[in-house]
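Novice: Chains A and B supply the protein sequences, listed in that same order.
According to full-length UniProt numbering, the first sequence is numbered sequentially starting from 1.
According to full-length UniProt numbering, the second sequence is numbered sequentially starting from 1.
A few of these clues could be false.
What the hints assert, rightly or not - Partial pick of chain A residues on the chain B-facing surface, computed with a CB cut under 8 Å: (1) L76; (2) P80; (3) I368; (4) V401; (5) R416.
As the list claims (entries may be wrong) - Negatives, chain B to chain A, calculated, CB over 10 Å: (6) T164; (7) D339; (8) W463; (9) L492; (10) G617.
Read the hints as simulated data drawn from the structure, not as lab findings.
None of these values were measured; they are calculated from a predicted model.
All C-beta atoms, glycine included, are put in the ideal place defined by N, C-alpha and C.
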Amino acid sequence: MEMGRDLALLAPELTLAAAAMLMIVAEMFRAARLVLAIGLAGLAAATLLTLPMLSVDATVFGGTYRIDLISGWAKLILLPGTALSLLLVRAEITGRPREGSVQSLVVLVTLGALMLSGAGDMMVVVIGVVLTGLGSFALVAWPRDDAATEAAMKYLVFGAVTGSVMIYGLTFWFGGTGSTLFSELGQLQGQTLVTIAGLIAIIVGLGYKGSLVPFHFWAPDAYQGAPVSIAAYLSVITKAAAFFAFAQVLRDLPRDGGWPLALAVIAAATMTYGYLAALVQTNLVRLIAYSSVAQSGYFLMGVVALGASGFAVPGILVFAAAYVAMNLGAFAVVLLAGRDLGDLEGFGRTRPWLGAAMVVFLLSLTGIPPLFGFVGKFYLLSAAVEAGYLWLAIIGVLNSVLALGVYLRLMVPMYRTSSTEHPSEVGAVLTQGTVVVTVLATLLIGLAAGILPGP
Amino acid sequence: MIWLALTILAPLGAGLTALALRRAPEAIALIGAALGLAGAIALFAGVAGGTDITASLPFLPDLPIRLVASPLTATLALVVATVAAMVLTYAAGYMAQDPERPRFFGTMLMFVAAMQLLVLSGDWITLLAAWEMIGFASYLLIGFWHGRNGVPGAAMRAFLYTRTADLGLYLAAFLLIGIAGTSEISATLATTGTPALIAGLLLLFAAMGKSAQVPMQDWLMRAMAGPTPVSALLHSATLVAAGAILLIRTAPMLPGGALLAIGIVGGATAVIAGLMALAATDLKRLLAASTASQYGLMLIAVGAGVPIAALLHLIAHAAIKSALFLGAGVFQHDRESTDLDTLAGAGRTRPGIFAGFAVAALALAGLPPLAAFYSKDAILAAALDSPSAAWLLPLALAGSVLTGAYMGRALKVLWSGTPEKPHDPVPLMAVGMGVLVALAATLGLVFKPLEAMLGAHLAEPGWIVPAMGLAVGLAGLALGWLLAPARLLGPLLAPARDGFPIAGGLDALVVRPALALARLCDRLDSWIIRRVVLGGIVTGAQALSHRIERAEYWLLALVNAVGRLNLSLGQISLRTDRDTIDRAIFGLVDRTVALGTRARRLQSGLIHREMAMTVAGIALVTGVLLAAPLFF
Numbered sequence: 001m002e003m004g005r006d007l008a009l010l011a012p013e014l015t016l017a018a019a020a021m022l023m024i025v026a027e028m029f030r031a032a033r034l035v036l037a038i039g040l041a042g043l044a045a046a047t048l049l050t051l052p053m054l055s056v057d058a059t060v061f062g063g064t065y066r067i068d069l070i071s072g073w074a075k076l077i078l079l080p081g082t083a084l085s086l087l088l089v090r091a092e093i094t095g096r097p098r099e100g101s102v103q104s105l106v107v108l109v110t111l112g113a114l115m116l117s118g119a120g121d122m123m124v125v126v127i128g129v130v131l132t133g134l135g136s137f138a139l140v141a142w143p144r145d146d147a148a149t150e151a152a153m154k155y156l157v158f159g160a161v162t163g164s165v166m167i168y169g170l171t172f173w174f175g176g177t178g179s180t181l182f183s184e185l186g187q188l189q190g191q192t193l194v195t196i197a198g199l200i201a202i203i204v205g206l207g208y209k210g211s212l213v214p215f216h217f218w219a220p221d222a223y224q225g226a227p228v229s230i231a232a233y234l235s236v237i238t239k240a241a242a243f244f245a246f247a248q249v250l251r252d253l254p255r256d257g258g259w260p261l262a263l264a265v266i267a268a269a270t271m272t273y274g275y276l277a278a279l280v281q282t283n284l285v286r287l288i289a290y291s292s293v294a295q296s297g298y299f300l301m302g303v304v305a306l307g308a309s310g311f312a313v314p315g316i317l318v319f320a321a322a323y324v325a326m327n328l329g330a331f332a333v334v335l336l337a338g339r340d341l342g343d344l345e346g347f348g349r350t351r352p353w354l355g356a357a358m359v360v361f362l363l364s365l366t367g368i369p370p371l372f373g374f375v376g377k378f379y380l381l382s383a384a385v386e387a388g389y390l391w392l393a394i395i396g397v398l399n400s401v402l403a404l405g406v407y408l409r410l411m412v413p414m415y416r417t418s419s420t421e422h423p424s425e426v427g428a429v430l431t432q433g434t435v436v437v438t439v440l441a442t443l444l445i446g447l448a449a450g451i452l453p454g455p
Numbered sequence: 001m002i003w004l005a006l007t008i009l010a011p012l013g014a015g016l017t018a019l020a021l022r023r024a025p026e027a028i029a030l031i032g033a034a035l036g037l038a039g040a041i042a043l044f045a046g047v048a049g050g051t052d053i054t055a056s057l058p059f060l061p062d063l064p065i066r067l068v069a070s071p072l073t074a075t076l077a078l079v080v081a082t083v084a085a086m087v088l089t090y091a092a093g094y095m096a097q098d099p100e101r102p103r104f105f106g107t108m109l110m111f112v113a114a115m116q117l118l119v120l121s122g123d124w125i126t127l128l129a130a131w132e133m134i135g136f137a138s139y140l141l142i143g144f145w146h147g148r149n150g151v152p153g154a155a156m157r158a159f160l161y162t163r164t165a166d167l168g169l170y171l172a173a174f175l176l177i178g179i180a181g182t183s184e185i186s187a188t189l190a191t192t193g194t195p196a197l198i199a200g201l202l203l204l205f206a207a208m209g210k211s212a213q214v215p216m217q218d219w220l221m222r223a224m225a226g227p228t229p230v231s232a233l234l235h236s237a238t239l240v241a242a243g244a245i246l247l248i249r250t251a252p253m254l255p256g257g258a259l260l261a262i263g264i265v266g267g268a269t270a271v272i273a274g275l276m277a278l279a280a281t282d283l284k285r286l287l288a289a290s291t292a293s294q295y296g297l298m299l300i301a302v303g304a305g306v307p308i309a310a311l312l313h314l315i316a317h318a319a320i321k322s323a324l325f326l327g328a329g330v331f332q333h334d335r336e337s338t339d340l341d342t343l344a345g346a347g348r349t350r351p352g353i354f355a356g357f358a359v360a361a362l363a364l365a366g367l368p369p370l371a372a373f374y375s376k377d378a379i380l381a382a383a384l385d386s387p388s389a390a391w392l393l394p395l396a397l398a399g400s401v402l403t404g405a406y407m408g409r410a411l412k413v414l415w416s417g418t419p420e421k422p423h424d425p426v427p428l429m430a431v432g433m434g435v436l437v438a439l440a441a442t443l444g445l446v447f448k449p450l451e452a453m454l455g456a457h458l459a460e461p462g463w464i465v466p467a468m469g470l471a472v473g474l475a476g477l478a479l480g481w482l483l484a485p486a487r488l489l490g491p492l493l494a495p496a497r498d499g500f501p502i503a504g505g506l507d508a509l510v511v512r513p514a515l516a517l518a519r520l521c522d523r524l525d526s527w528i529i530r531r532v533v534l535g536g537i538v539t540g541a542q543a544l545s546h547r548i549e550r551a552e553y554w555l556l557a558l559v560n561a562v563g564r565l566n567l568s569l570g571q572i573s574l575r576t577d578r579d580t581i582d583r584a585i586f587g588l589v590d591r592t593v594a595l596g597t598r599a600r601r602l603q604s605g606l607i608h609r610e611m612a613m614t615v616a617g618i619a620l621v622t623g624v625l626l627a628a629p630l631f632f
């Protein structure tokens, strides 16, 4: 009976896992279109299955996996995001070898991301990190050239080291509470050093996934080495999942351990470092990579406020939804425009609609009201202020000044006259479709933010 | 509700239509502006009875979008719509030859729509959104001729300066929303005590950026790179006005300390920007500096606790300054320059335009019965009655003398010199300018009824204040007409011409360090990357496989190290003693650093360097976590 209930609650995850398996089977027959169709159908089905469960607050398998507000909204954000990523992958590498393998790996990595978002237990976090990690390494290495191999190697080494530190540190929490469940973390009250050891583990392991400074070094290389569509996918799905996992772990931890302060320091460093480094990049993918690093800092502001502000969890969720839409959109435009900053020269004039969409994405990333990105940042800043971290909010707002400097470097050349050709590429329809969906989300959901979870 | 929508959406819709159709943009612009003006007039008539018109749309939970037409905001909307309609009429003539007209009119209209949204916003979030939109639209307009030398830089500078100041608005809005629990502007104005003081100072900071107050006056002079109608709109009722409008609207909340700061900033700007205007060698820069100076006078009025005087001067100045800019644009049209030497005698070429320019100039200097005579008197009276009269009155008087002086100088330059044969007639430009000049001359008549409608009553001025205002205005005009700036300013001339760069200006304090830091961060990452990429190309697949082997070795070593540490930590119980865990953590750090060094000997490495930084980061986090209990 218990088992049946658990499986019913896990329907979206199981659907996705089944779809991924079927995709691998279809790939054996080299039927790339079929692979894509199965993937999209699986994602759509899983999304629909999630909808009736949004108000559920339960756990399955003895409390190890949570079906709650965070994991529910995580599915509504990550699954459509993955579907759009699949379209981008299809547009970029259509007809190339192992296309179906890439598609199925993407879906499997998303499954890992869902595990992270619903983790109620240390072992689930570990499995989620490993599942997202292994697939991602292969995805980055897909082009099989020097840059991609190097990038994947670096990604792997970072993942291996941070992963082992994480597992090692988590054993302290297990020792301290006698349980791997996060819901038991309250027992750590008073055991300062044990708490700290586990915290370092979580910060290192998830900080690597979420590319927080100083665990971010792999990100620009990996994004640059990977296909643009994979960079887009990794920059949104695995990153958002890392912060959902942060929220699942830390909301049970007593706030007196000093971890909010430590995370606040990391958040400030991450956003500042990310934007400063982005300010001088000339490669478009690297520039967006560093800007995504900076966005992680904003995500972390919500984590800092967990348990101290009603805005914290909605902030992370809303910002994640906005971030998935706008970052995927920006990458989709890069896919059409080219990987170099010079490729944007005159882009807004020859392709006015795409240019306008890019401006919307960039303004939203900056956090200009009333776009979706602003709503997310507004929640996160409010959360930080309410939690007593006014200085962090000030750094966040200051960095948005810097952000505009970063993004104006993209917007200005787009409207210069230039002789650069911007030919339509193969698969442009799919990419343009992605741009349309994401730009509508960025424009409209910002205005209708009332439908999203509020404080 | 419908009039609110029309006032904001008519210019917006027209702007989008002009951009989309790329055809007949002038006609679309004029229709949009006329509809917007009709909406503003209807709003004004609607609130004249004393009841506000409001609208509320759902947005964030508990934080809906609110629009409010009160007597104050409806008046401002009417000013914006009027000036916009006239400037657009003028622009139809001015821009007739430009191939990019659809973009120009589209952006101008969207700018007007954003400004109306700002003026009519009833909650802080909408205000923030509109504030950002006018910043962005003005960036596009100032950079309209982006192909020309120096233009993108000027636009970027204008944007970054005002953006930096926007920080103040964001923080003030968050603070006020946090305290009042609502984003409704009128409700948050009940805030008192220290929060009100802090919010007031933050709002002042935001207003200083937008209204180009000292020490952030520099961007306004450079913003002259845009087309002249842009300057006319930006400097009169819109972008620059936003700062003063913000302070006028929040004036009921501001405590004494904030008022004093506002008055002093305004006074300093009135004088310093006045000196800059006097020293300017370019007509548009002269007018730009004059704008900053006039907004300084308005801030004096706010600081003296009489925001209504500031509002009257804002209205008078909007008509006057747009007329002056439009006149300057005609002269520029004739001589293809705004340099004062080139413009010598330009006024004789076109007596009609010059007459209009002169009326506006005399109005700004404060001669009766022209508009600014009344508003400037109100400011002087306010300064005289204020508790800080000792500070404010001399500054206000000095600002007024300087106003007369630089306007006198401009008139003299335009009049004395050899006339040239005029170009083609400029009917549309003359119409737009003519209406604004007429307003500049006659607006003083409506100030009394306007005061009554706003429910404010200025003290009946005796004879002293008007006499004082007239005297300083005439004295300034005489000085400016008779004496060259070099004689007037003496040693101040050079610094005034350079815009009084304080400590190298904001550039040295903000922009350059930020860029230097950015390059440093980049170098940290990028030299590693260069090695990766270059190394990869040069050494090829063989080296790659070697590297993988080494990495494996290195991983193995790390795993061993962790294992050994694990053993040594085996006995740690729930009552862990500090020594052991310290040693453990530092041991881990030491081992990893040592490993890094070894790996470095093995290969001219890459990852180990980054891993070392990662470990340093872990150590830092550990440090914070260990130290945190000391603070709680």
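Novice: Take the hints in turn and mark each one as holding or not.
Specialist: For each hint, the structure was consulted:
1. For L76 of chain A, the shortest C-beta to C-beta distance to chain B is roughly 18 Å, which exceeds 8 Å, and the interface hint is violated.
2. For P80 of chain A, the interface hint is violated, since its Cβ never comes within 8 Å of a Cβ in chain B; the closest pair sits about 22 Å apart.
3. Evaluation of the I368 of chain A hint against chain B yields a held restraint, the C-beta minimum of about 5 Å falling below 8 Å.
4. A cut of 8 Å between beta carbons decides the hint on V401 of chain A: the least distance to chain B is about 5 Å, and the hint holds.
5. Among the interface hints, the one on R416 of chain A holds; its C-beta lies about 6 Å from the nearest C-beta in chain B, closer than the 8 Å criterion.
6. In this structure T164 of chain B is not separated from chain A by more than 10 Å, as the shortest Cβ-Cβ distance comes to only about 6 Å.
7. Distance to chain A confirms D339 of chain B as a non-interface residue, since its nearest Cβ pair spans about 28 Å, more than 10 Å.
8. A cut-off of 10 Å between C-beta atoms confirms that W463 of chain B is not in contact with chain A; the least separation is 50 Å.
9. With a minimum CB-CB distance of about 33 Å to chain A, L492 of chain B clears the 10 Å threshold, and the non-interface call stands.
10. Not every Cβ of chain A is farther than 10 Å from the Cβ of G617 of chain B; the closest lies at roughly 3 Å, contradicting the non-interface assignment.
Hints 1, 2, 6 and 10, counting from the list given before, are not met by this structure.
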